[in-house]
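> Okay, here's what each chain looks like letter by letter:
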Amino acid sequence: MSVFIDRGDRVLVQGITGAEGSFWTKHMIELGTRVVVGVTPGKEGQSVEGVPVYHTVRRAVADVPADAAMLFVPPRFTKDAVFEALDSGFAKIVAVADGIPLQDAIQIRKAALSCGARVVGGNTSGVISPGLAMMGMFPYWIERVYRPGRIGVMTRSGSLTNEVTAMIVRAGFGVSSLIGVGGDPVPGARFAEMLPDFQSDPGTDAVVIIGELGGSMEEEVAEAMESGAFRKPVVAFLGGRTAPAGRRMGHAGAIVSGGKGSVADKIAALEKAGAAVADRPRLVGELLQRALGAASRK
Amino acid sequence: MSVFIDRGDRVLVQGITGAEGSFWTKHMIELGTRVVVGVTPGKEGQSVEGVPVYHTVRRAVADVPADAAMLFVPPRFTKDAVFEALDSGFAKIVAVADGIPLQDAIQIRKAALSCGARVVGGNTSGVISPGLAMMGMFPYWIERVYRPGRIGVMTRSGSLTNEVTAMIVRAGFGVSSLIGVGGDPVPGARFAEMLPDFQSDPGTDAVVIIGELGGSMEEEVAEAMESGAFRKPVVAFLGGRTAPAGRRMGHAGAIVSGGKGSVADKIAALEKAGAAVADRPRLVGELLQRALGAASRK
Amino acid sequence: MKLFEYQAKDAFAERGIPVPERRLCATPEEVRAAAAAIGCPCVVKSQVLRGGRGKAGLVRLVASPEEAGAYGSELLTGGLGAAHGVRRVLVEEAVDIGRELYVSITVDPLAATALVLACAEGGVDIEELARTAPERILRERVDLDVGLLPFQARDLGYALGLGPELSGSFVTLLAGLWRVFREKDAELAEINPLFVTKARGDRPAALVAGDGKLAIDDNAAFRQGGAEPSREYFDSELAFRAAVEGIPYLQFDGDVSLMCAGAGLTTVVYDLVNYEGGSVANYLEFGGPNYKKAVRAMELCLANDPKVILIVTFGTIARADVMADGIAEAIAKLKPRCPIVACIRGTGEEKAVETLRAAGLDPLFDTEEAVRRAVSLSKAPRAEATRAETTGGRA
Amino acid sequence: MKLFEYQAKDAFAERGIPVPERRLCATPEEVRAAAAAIGCPCVVKSQVLRGGRGKAGLVRLVASPEEAGAYGSELLTGGLGAAHGVRRVLVEEAVDIGRELYVSITVDPLAATALVLACAEGGVDIEELARTAPERILRERVDLDVGLLPFQARDLGYALGLGPELSGSFVTLLAGLWRVFREKDAELAEINPLFVTKARGDRPAALVAGDGKLAIDDNAAFRQGGAEPSREYFDSELAFRAAVEGIPYLQFDGDVSLMCAGAGLTTVVYDLVNYEGGSVANYLEFGGPNYKKAVRAMELCLANDPKVILIVTFGTIARADVMADGIAEAIAKLKPRCPIVACIRGTGEEKAVETLRAAGLDPLFDTEEAVRRAVSLSKAPRAEATRAETTGGRA
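Which chain is which? The protein sequence lines are A, B, C and D, in order. Just so you know, we're using this note's numbering here: the first sequence kicks off at 1 and counts up by one. Just so you know, we're using this note's numbering here: the second sequence kicks off at 1 and counts up by one. Just so you know, we're using this note's numbering here: the third sequence kicks off at 1 and counts up by one. Just so you know, we're using this note's numbering here: the fourth sequence kicks off at 1 and counts up by one.
Be a bit skeptical, because a hint or two may be false.
DSSO-like cross-link-like pairs, simulated, lysine-lysine; straight-line CA separation at most 27 Å [what the hints assert, rightly or not]: (1) K184(D) with K184(C); (2) K55(D) with K213(D); (3) K43(A) with K198(C); (4) K26(A) with K351(D); (5) K213(C) with K2(C).
Chain B side only, calculated, beta carbon under 8 Å to chain C, not exhaustive [as the list claims (entries may be wrong)]: (6) G42; (7) Q103; (8) I106; (9) S125; (10) N162; (11) G183; (12) G215; (13) S216; (14) G239.
No lab work stands behind these hints, which were simulated from the structure alone. Cβ coordinates follow ideal geometry from the N, Cα and C atoms, glycine included.
Turn these sequences into a full structure, and let the hints guide you.
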């Protein structure tokens, strides 16, 4: 079992002939992902790693049915590519582009919500279920980082992901599924929206969230825990505790806070809801050991 | 029983202080309609026929709950007024304005569909259930035209409505509910969308539709009859049989035909589906007598 | 309101749609000079609102400025042009045509979206094609708020059989046509034919709008800078005068002049006149916002010198008594020499009846009866009609 | 990117939002002349991007052109201005203030809409108010595609306690602010305070934008005519140079210069340096699109004369081997005199390790270990650090 993507899902790749698209298509297939068809306007008739390429998504799915769309498309074209995938009925879409205009991101998320689809990203490495399949760009071949296991991971940060999963593995665990919701202020899918999948996934014992300054996604996780909607142990890693107020460090998420979103607020909300919060990557492993020990004693 | 409006519905009137708004509010109340609150920006604190007036719909419904919104608002402001009513959750809206911009009308209908609301109009006299209540502008006091009875009526034409209902009454029948969907090319609600209400209304024995050149609303009624979704007798009146091709007579509906919409097409479709079609107002009464005779013989 | 080709092409060009080089001309000399400037062969196109200009001889490929000037004379000062009301002529570079496509944007009333129609065969009558071979028309719905998305245009481009380069151009062109549609509040924005030029040497094939049709929504005039109606948009002087008054009017050439209220009722009266063997002189809607304009309406009717004027209304807001007052005033002012049949009902009809009787009319209450009487009067010799007039317009 | 007040007000004025009469000045003489032209009393406002200008003495109501000129000197040529990086000054007519309101448009990431915020008390710190008295902030969600509808603005206007006249003005003003938000691809468009002027004689009360804040989305620069970053938007020369390179950079004044990949990881390394008792000289993200810019990044770091450079990455697309190559090149070119701690992992890390060793470094694999080593080096006397440099940068 896995969350979002497994070996049964037929994946369409938009932007498959580009440098990133073809490189990661090769790796997705090597991991075991069922990439069945690709799209790049103007390149119909070519193939990438044996995968046939079409001009448009409609032409592609008319010949080759697919379940999930993986977008290697530049940020300025991502809105169009997401709408193209939604138009063909895709309910699982991953967009990795870093630099999607904010107002495009709003329209992407709105369209996804109104179609009942999940759009993961942008500004993400994507999603992976180690040992099974991935939609995105993960160095799954580094064993000390992507060992298969029973810990779900959700992250707003690409660069912290490897750092934290390495600590999960070092503590003796592995990863069931990892969802990179992305570092943009308006991600297509939010932590709390993915929680039901982790709750119902028998392959996941606990979830690690890698949060950040700004926004309210961590608070929404706390709400889901308090309401009882999510009942598995949660370990949260939150960086930026010492960040000076009012300075914008990296990801744009922080600016759209509306008076909320400080790391201290997030930690308070999560701890109140029963999550264990780490402020160093190494602690994530230790807190997982404690949480799962406690859970198994129940 | 009635369709759309009856004495239980609490009606909010937008544009209540205008000349038409106040005149017809008086008549709606005199017929028995439960007009509870009105809206005209800048006029909060006034009252019309004892009905309190507010600046905005939200302010009105915060004080006085209502179920249906009646819009006496100029065409250029109708889109805003409809969205304002939808925003406050109204699912029954009547907009009488004649001259709503076409692209506004598209947006009105789209919003109505996505809210699951019914917007009747524009370019209509509204809806009436003679003897009970009305939202709109009908000379209900003319007995030979608006006698209560058991015939449902739907019409695209304001001016033909009185003409045809007079013939229904002359033939010994009366009207259960009349819905003026309006003469615009993009009405908010369409004939076929109102049929389920007439089907389930125990007070309606048959439905008369007053159609027109252009568009496909009559064909949609035929489809509903053929699919079995609508099973009561239908008498259709269709004017414009001798209209010269390519000339635009009156209502704009005809231009958006896309190769369909001739009166001959409509008559063929309706007759094939089992409707009786009249090309003179007088025949409507006769065909009703025949249809209901036949129905009662079943 | 339909715009002329030259206006549509200006709107296209402003929004990046490729159109041929062109000049608008009002005199034969301008036509000659334009042909010389643009280079020959070039195309001389009458600016009229009717379709089928080619078949009517109103468009011609000319080989020289002299031929252009001569043809310009036929159109702008000669009988051919006069017969079709030609007032202006567009001189346009000749396009080296490889293929012709069709594309337009209109609305889908059922789905409540805009609708892009495209067809790999251009120059066609799209309504005819929709009837006979609907599968050859590509349809793409566009949410009015979200707007046309590039992928939609791209998919259409490939479906039209355009290659990667031209599909890219098609995306840009359709984005421009979308802006025309939205910004001009269009009911219809159409390019038919849309030319694909032949590739020549190092100049690749390209898209060019061969013709342009743009119908603007009159209801949106208030936000479109609302131009006054201009004579050139109308078939006849009377239709133009009616439009200035805001009165819906169509010119016919029969005997019964209609002065009725409401589009539906007027159309039905038109039918009934025909059913009864009569013929219509004009269609005129004297209702809605115009119900107080009886004098102007009757003036328009009388300009046709009809055998009879037939007034049928059944008004609510357009109150019967107010209309009757207007009719009485019109009779007093205009002293019509033809008989008038009046069937005026609705709000205030009791008072209306009195007014009409006072004005010498014999008001009826049944539409069909009124039509029968009008048709019968229209078939009577003028003498009888004149007699009726001497009795104060009583029919 | 935040724009200056004068730029925000220009964008407002172009879209029909009432703003005070104003002139932008770069010299004290211009300030004096502007004050004379506009009339005194008037307001002289430093154009800096920081908030709290009033408290910092960077805005002043002046009574005469002379006072304006003198204050202009303080700001444009004197110590006060220099301390805050003032380069331009806005001279603005004084508004006869009746009330102050707050209004802004930003986004609601959860609902995926735009969000209008309004408050009957202007001049406030809205983030502070959101925390302490959220019920005093009015919120109106706006669908980005549908746009702001007049009824939404009208309802806000009445809720702010504006009467019929001013509510009408508010509808127009907010429509203008909506256009600013959409057309400028804004992250935030804010008017704070929004003045309601006092009614005076026959001049009724009116709305005027007292201040303007406009933050533009850098990601949308490609469709915004994409201006190059300009020095005036940045606190420091280094921050400006980093922005020109597209490298995220923040200036601090500690000892450890961060040269890390990814916002999340860099922030955590910042935390860890603080947890371990060290201090940060600068925050620099050398990853994503910049992972091949090691030389430029290290140049920026060295400009701070740090005690140590700490490089931490865990890259996938930003390949470890490519980054290592860049670092080796940078060391060879720039010959850093301070020690370098490198912890470079991810795609191609085996090759990266070889490269770093060849460059004289001692690569680590654990972030916390790397931070501890860097902090410890940062506390060592310079002498030791210099020794490290003589061994080829080995830490």
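> Now tell me if each hint is right for this structure.
To see whether the hints hold, each was checked on the structure:
Taking the CA atoms of K184(D) and K184(C), the gap is about 23 Å. The hint holds against a cut of 27 Å. Distance restraint check for K55(D) and K213(D): the Cα-Cα separation of roughly 18 Å lies within the 27 Å cut-off, and the hinted pair is therefore satisfied. Pair hint K43(A) plus K198(C) holds up; C-alpha atoms about 23 Å apart against a cutoff of 27 Å. Restraint check for K26(A) and K351(D): satisfied, since their Cα atoms lie roughly 21 Å apart, inside the 27 Å limit.
Taking the CA atoms of K213(C) and K2(C), the gap is about 7 Å. The hint holds against a cut of 27 Å. Checking G42(B) against chain C: minimum C-beta separation of about 21 Å lies over 8 Å; hint violated. Interface hint at Q103(B): satisfied, since its Cβ lies 6 Å from the closest Cβ of chain C, which is below the 8 Å cut-off. Contact between I106(B) and chain C, as hinted, is supported at the beta carbon level, the nearest pair being about 5 Å apart and thus within 8 Å.
Because the beta carbon of S125(B) sits about 6 Å from the nearest beta carbon in chain C, less than 8 Å, this interface hint is met. The interface hint given for N162(B) is met, as the beta carbon of that residue sits about 4 Å from the closest beta carbon of chain C, less than 8 Å. For G183(B), the interface hint holds, since its Cβ comes within 8 Å of a Cβ in chain C; the closest pair sits about 6 Å apart. With 8 Å as the threshold, the beta carbon of G215(B) comes within range of chain C, its nearest partner Cβ sitting at about 6 Å, so the hint holds.
Here the hint on S216(B) is kept, as its CB sits about 7 Å from the closest CB of chain C, short of 8 Å. Annotation: G239(B) was flagged as interfacial toward chain C, and the flag holds, the nearest CB pair being 4 Å apart, inside 8 Å.
Violation of the numbered hints given earlier is confined to hint 6; every other hint is satisfied by the structure.
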